[in-house]
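Trainee: One-letter residues, chain by chain:
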Amino acid sequence: DTEVTQTPKHLVMGMTNKKSLKCEQHMGHRAMYWYKQKAKKPPELMFVYSYEKLSINESVPSRFSPECPNSSLLNLHLHALQPEDSALYLCASSQDLRNSGANVLTFGAGSRLTVL
Amino acid sequence: AQSVTQPDIHITVSEGASLELRCNYSYGATPYLFWYVQSPGQGLQLLLKYFSGDTLVQGIKGFEAEFKRSQSSFNLRKPSVHWSDAAEYFCAVKGRRALTFGSGTRLQVQP
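If you read the sequences in order, they're chains A and B. The numbering used here puts the first residue of the first sequence at 1, with every later residue one more than the last. The numbering used here puts the first residue of the second sequence at 117, with every later residue one more than the last.
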């Protein structure tokens with residue numbers, strides 16, 4: 001299995017809702033990432049997990065709460081979002097965080113979030 | 117800090133014509149460089165990567181890229197473009213803080 005699976009593909013939520021995005025990989029990767037991509041922009045790094053521990057938080061607002069319950073799963077919990085948070089949320093994984101030639105990020109298809 | 121510049125926001129080529137997408141990077145050490153492609157509303161697919169060794173790297177779908185350290189460039193090329201190549205192309209450099217992407221180049225293919 002060489003895929004990163006993200007669910008749901010589409011999510012519409014109100015500003016008072018609580019929802020979660022899920023990401024799963026079965027490649028044995030120990031680093032997992034959340035990126036946010038606005039329309040016609042490049043992906044921007046949000047969070048990085050390494051061996052189930054949060055390694056990087058790119059000053060993301062607390063209304064986004066990541067969770068890595070095990071080495072295969074990565075969640076992004078959403079609460080009290082704003083309309084400007086509407087974007088494509090991409091999950092990725094890599095072997096680990098070593099800066100080596102083996103460490104290629106594999107991306108999921110993304111979850112498109114619309115906040116009303 | 118690492119950074120990537122893609123100077124061309126939008127490129128239009130005719131089907132069958134050759135293609136070159138430009139990428140310049142800034143990174144203090146030996147860079148790990150990538151090209152990804154993204155179709156509308158989709159995730160990112162890896163086209164090719166450069167880590168070391170031969171500066172001309174081959175990728176999927178007939179793409180290749182050449183690493184030129186003296187010019188800090190990693191340009192993507194394809195000798196003959198197909199209509200299905202229409203997409204957004206991102207160059208990226210991997211450093212300490214995961215991948216940093218360029219702003220992307222949107223490729224349109226004319227029949």
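Misleading hints may appear alongside valid ones.
Every beta carbon over 12 Å from chain B, so not counted as near; a handful from chain A, in silico [to be verified]:
hint, residue
1, SER20
2, TYR33
3, GLU44
4, TYR51
5, GLU58
6, PRO61
7, GLU67
8, CYS68
9, ASN75
10, HIS79
11, LEU90
12, GLY110
Footprint (simulated), chain A over chain B, 3 or more residues, beta carbon under 8 Å [to be verified]:
hint, segment
13, 156-166
14, 202-211
To be clear, the hints were calculated from the coordinates, so they are not data collected in a lab. Glycine included, C-beta positions come from ideal geometry on N, C-alpha and C.
Trainee: Looking back at the numbered hints, which does the structure fail to meet, lowest number first?
Mentor: 2, 3, 5, 11 and 12
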